[in-house]
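Visitor: Spelled out, the chains give:
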Amino acid sequence: MLPPTIDARDVTIRFGSLTAVNRVSLTVAPGEVFGLLGPNGSGKTTLIRGLCGLVPLAEGKAIVLGRDVATESERVRAQIGYMSQKFSLYEDLTTRENIEFYSGIYGLSPAEAKARSEELMELTGVAPYLDQYAGRLSGGWKQRLALVCALLHRPRLIFLDEPTAGIDPVARRDLWDLLFRLAAEGISLVITTHYMDEAERCARVGYIYLSNLLVLGTPHELKQMPGVTPPGARWLEIYNADSANLLLRLRSLPGVLQATIFGQSIHALVREGCRNADLGLSQARVVETEPSLEDVFVTISRMQTEKK
Amino acid sequence: MLGEFSHQRMVAVARKEFLHIIRDPATLFFALFIPVLELFMLGYAIDTNVRFVATVVFNQCRTEESKRMIRMFENSKDFRVIKEVYSDAEMNSMIVSGKAQVAIKIPEDFSRQIEAKRSAQILVLVDGSHSSVAGVALNVSNAIALQESLKQYFSERTMLIESRPRILFNPDTRSANFFIPGLMVVMCQMMAIMLSANAIVREKEKGTLEQLFMTPVRASELILGKLIPYLVLTLVEFGTILFLMWSVFQVPIHGYVSTLVGLTFPFTLAFLGMGLYISTRVDTREAAGQMAMGTMMPSIFLSGYIFPLDSMPTFFWYVAFIFPTTWLIDAARGVILRGAGWSELWLHAVVLWGMGIASFALAAAKFRKRLS
Ligand SMILES: Nc1ncnc2c1ncn2[C@@H]1O[C@H](COP(=O)(O)OP(=O)(O)O)[C@@H](O)[C@H]1O
Ligand SMILES: [Mg+2]
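Keeping their order, the protein sequence lines are chains X and G.
Going by my numbering, the first residue of the first sequence is number 1, and it counts up by one from there.
Going by my numbering, the first residue of the second sequence is number 1, and it counts up by one from there.
Because the hints were derived from the structure by calculation, they are not lab data.
Model, not experiment: these values are computed from the prediction.
We treat Cβ as the ideally placed atom computed from N, Cα and C, and that holds for glycine.
Heads up, a few of these hints could be off.
[What the hints assert, rightly or not] Listed next, the in silico DSS-like pairs over lysine-lysine satisfying Cα-Cα at most 30 Å (straight line): (1) G:Lys-105 / G:Lys-117; (2) X:Lys-61 / X:Lys-86; (3) G:Lys-206 / G:Lys-105; (4) X:Lys-86 / G:Lys-366; (5) X:Lys-307 / X:Lys-61; (6) G:Lys-77 / G:Lys-99; (7) G:Lys-77 / G:Lys-67; (8) G:Lys-204 / G:Lys-83; (9) G:Lys-117 / G:Lys-67; (10) X:Lys-86 / G:Lys-83; (11) G:Lys-366 / X:Lys-61; (12) X:Lys-114 / G:Lys-206; (13) G:Lys-99 / G:Lys-117; (14) X:Lys-86 / G:Lys-204; (15) G:Lys-204 / X:Lys-61; (16) G:Lys-105 / G:Lys-77; (17) G:Lys-67 / G:Lys-83; (18) G:Lys-105 / G:Lys-83.
[What the hints assert, rightly or not] Each pair of labels, with its calculated beta carbon distance range: (19) X:Asp-197 / G:Ala-361: 47 to 55 Å; (20) G:Pro-298 / X:Gly-16: 33 to 41 Å; (21) G:Ile-22 / X:His-220: 49 to 57 Å; (22) G:Pro-25 / X:Asp-242: 38 to 46 Å; (23) G:Thr-284 / X:Ala-127: 35 to 43 Å; (24) X:Pro-128 / G:Ala-361: 44 to 52 Å; (25) X:Ala-127 / G:Ala-361: 40 to 48 Å; (26) X:Leu-18 / G:Met-293: 51 to 59 Å.
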């Protein structure tokens, strides 16, 4: 088996007295799409910056692409791509000029630069926008351009910090198709997102809450976690015309541990022995289901808060 | 460290920075328009030299001597007789209304007094609200009076002594000759510090710096790549002002332009370094602009650009020499007006190079520390 692309052990990052990342351990395999989830301010961006060597680790150790980021951050950075949370290319430069600039910065020879950018333009389809100012591109095209610039030097690992935030659903889906093509080439991807459907598409997911990595596993594994479905309880998916009122009523019942609206339906965690009739659900269509990833994250966040 | 200094990376940065400059109308405006505007203001509008002062004459005497006296005033080119008046009241109102700044009154007994070998008097009224006019008017009228009395004293004999003052180096005492070399220096300073103060902070503000840190670009490549276009732009501005000074304002350049460039180069480095230092310290462009202004103001006022160094209190006289501006203005006037060369200006060169290298090194060290 190939050595992991990222091997982080007890990574801790502090800003003064604030611990932004607390003893996080994780591995990412070559070609794996790894999702990082968690509320805003939980430490996702900081963890990524730590793994790139942009901020020093207070404790712990991170081996990225076989090198220690604490001592060889420059070499590590030369082999990874990074798309920051905020669009960070030059808006007053055209698409072409941005690509040329990054080709120069990454030390590509003119021939290499030409071949590589043609290859990436083919992949991303930015060619028609070459002479537009980057600042004038729509969100989706900005992200594709950012991706081109992050891929010019053929990195073996790419960090994407909320790449799909604020772009339309079609562009979002296209971007994910692109990411899977990269993964198929053996490139590892670490991606942060707030979208559950995106989390479902990741090979493995880590959930960070208040600086701590609470869970880590495949989406399927996370849904099977015993803590998420307490012994003797089950998850129901309830379809009813008036979900809003039903939700309020369900939440007031002692037999219902949790209830949230989930698209057209309600997801509820109910104790064993509570029959549909007890819940007043004789009229509704009810199916037993496994928890969604959102159910998982909400439940473990709550458990974490209650523990304190 | 990853490999050696890369020429390619530096050129990539320089190219990109050049594109930023030509796409930013505010910078271009500062770079091209302001200096030229200032130049024309100083060159034409604010001519602090006093020439052809509006003058009225009240000649009560009306003799040959008195008329010759008035011609002497006119010939000095400092006075321009706009009107002859015939009463004290009229004379006063011309001054009070501001139509004339000087009035010359020659009393009725002027010639009689001279003939009687007594001291003849003329009255010169000067509007003191224009201090520079007043000073010149006083000096010139004193000189004319003195010359005339000498002539009278030696009467028909040839003059034993003829005073012909000649001002060296700036024979017409034109203010353009004095101010434009200083302006050139001050404009270069402003350009260098403003451009470089924005260099890093702009990328910080836009979030592009973080992306750059992810690339193999080194601090030295980033600094040099950014500063080269600024240096070029500053030197272009320098050349433009120099050319306009010579062609439009007819200020002769007595020394070598190469001497001037050789001194302006380290001077620009000093201010590029200072701007870069500011840029690494602050987080917003606004703060950078304020800090740049803050360093610029004292150096403009204390540099001898406006107020002559010799008229400063001793303490400030010493403080003035901390600023590279003081050294370059002195050197520029030396080269342009006096034709000074390296043998006179070697100290200026040593000091300016020292300041340039020190400021640059300080900024680079500070920046490198922030980067890692
Ligand atoms: N440079 C910094 N200095 C001080 N605090 C920071 C810095 N960067 C992030 N933080 C803090 O660290 C915490 C985690 O932030 P971040 O990693 O950006 O969260 P996320 O990306 O998950 O939204 C936040 O409380 C944030 O305020
Ligand atoms: Mg973030």
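Visitor: Would you mind marking each hint as holding or not holding in the structure?
Guide: Right, here's what the structure says about each hint:
no., hint, result
1, G:Lys-105 / G:Lys-117, "holds (20 Å)"
2, X:Lys-61 / X:Lys-86, "holds (27 Å)"
3, G:Lys-206 / G:Lys-105, "violated (70 Å)"
4, X:Lys-86 / G:Lys-366, "holds (26 Å)"
5, X:Lys-307 / X:Lys-61, "holds (28 Å)"
6, G:Lys-77 / G:Lys-99, "holds (18 Å)"
7, G:Lys-77 / G:Lys-67, "holds (16 Å)"
8, G:Lys-204 / G:Lys-83, "violated (66 Å)"
9, G:Lys-117 / G:Lys-67, "holds (19 Å)"
10, X:Lys-86 / G:Lys-83, "violated (74 Å)"
11, G:Lys-366 / X:Lys-61, "holds (28 Å)"
12, X:Lys-114 / G:Lys-206, "holds (28 Å)"
13, G:Lys-99 / G:Lys-117, "violated (36 Å)"
14, X:Lys-86 / G:Lys-204, "holds (12 Å)"
15, G:Lys-204 / X:Lys-61, "holds (28 Å)"
16, G:Lys-105 / G:Lys-77, "holds (19 Å)"
17, G:Lys-67 / G:Lys-83, "holds (14 Å)"
18, G:Lys-105 / G:Lys-83, "holds (12 Å)"
19, X:Asp-197 / G:Ala-361: 47 to 55 Å, "holds (54 Å)"
20, G:Pro-298 / X:Gly-16: 33 to 41 Å, "holds (35 Å)"
21, G:Ile-22 / X:His-220: 49 to 57 Å, "holds (55 Å)"
22, G:Pro-25 / X:Asp-242: 38 to 46 Å, "violated (59 Å)"
23, G:Thr-284 / X:Ala-127: 35 to 43 Å, "holds (37 Å)"
24, X:Pro-128 / G:Ala-361: 44 to 52 Å, "holds (47 Å)"
25, X:Ala-127 / G:Ala-361: 40 to 48 Å, "holds (45 Å)"
26, X:Leu-18 / G:Met-293: 51 to 59 Å, "violated (35 Å)"
Hints 3, 8, 10, 13, 22 and 26, counting from the list given before, are not met by this structure.
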